[in-house]
Amino acid sequence: MAYLPLPSGKLVFREVVEHPGAVAVLPLLERDKILLLKQYRPAIGKWIYEIPAGTVEKGEDYLECARRELEEETGYKARRMEKLFEMYLAPGYSTEKLHSFLASDLEPSSPRRDLGEEIKVVKVPFEKALKMIESNRIEDAKTIATLLFFFTKKR
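Just so you know, we're using the working numbering here: the sequence shown kicks off at 1 and counts up by one.
Simulated from the structure, these hints should not be mistaken for laboratory data. Virtual Cβ for every residue (Gly too), placed ideally from N, Cα, C. Be a bit skeptical, because a hint or two may be false.
What the hints assert, rightly or not - Here are the simulated DSSO-like cross-link-like pairs (lysine-lysine), alpha carbons at most 30 Å apart as the crow flies:
1) Lys77 to Lys46
2) Lys154 to Lys97
3) Lys10 to Lys77
4) Lys142 to Lys46
5) Lys58 to Lys120
6) Lys83 to Lys154
7) Lys97 to Lys131
What the hints assert, rightly or not - Across the chosen pairs, the derived CB separations fall in these ranges:
8) Asp61 to Arg112: 33 to 39 Å
9) Leu6 to Leu89: 31 to 37 Å
10) Lys10 to Lys46: 24 to 30 Å
The task is simple: from the sequences and hints, build the whole structure.
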């Protein structure tokens, strides 16, 4: 909890979660297929679809983190990585900024999942992923933002 200044000079008392930053990675398998994770999230008590993501470790840059998370969670390495965009995830109470990447020209590797992660990797046609957003089967904000950003960019 801290007093934070507003542009008017007034101070407000807020709780702020300091966060080192995070990455999300959209793995493009082929021209029209992507990899999604079906991951169990204990906080909400259910399996949800999302793209690989994770927190930046000390001394690591965002690109290194994106490559690490992709390999750990999917078992693929990317020969090409492209930064898509950055966004704050919860600016009302957190400093966390997400850096989203596109991973392409993928080659199989070995997943090295963190303890406590239950993940299934699924191959999904891109158009089906968009329909999964429309039908609320994809509920994860970073995944929705990244898929829609990529869709509008590739048009």
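Outcome of the hint check:
{"no.": "1", "hint": "Lys77 to Lys46", "result": "holds, 28 Å"}
{"no.": "2", "hint": "Lys154 to Lys97", "result": "holds, 24 Å"}
{"no.": "3", "hint": "Lys10 to Lys77", "result": "violated, 49 Å"}
{"no.": "4", "hint": "Lys142 to Lys46", "result": "holds, 17 Å"}
{"no.": "5", "hint": "Lys58 to Lys120", "result": "holds, 28 Å"}
{"no.": "6", "hint": "Lys83 to Lys154", "result": "holds, 14 Å"}
{"no.": "7", "hint": "Lys97 to Lys131", "result": "holds, 27 Å"}
{"no.": "8", "hint": "Asp61 to Arg112: 33 to 39 Å", "result": "violated, 19 Å"}
{"no.": "9", "hint": "Leu6 to Leu89: 31 to 37 Å", "result": "violated, 22 Å"}
{"no.": "10", "hint": "Lys10 to Lys46: 24 to 30 Å", "result": "violated, 41 Å"}
Taken one by one, the earlier hints fail for this structure at numbers 3, 8, 9 and 10, listed in ascending order.
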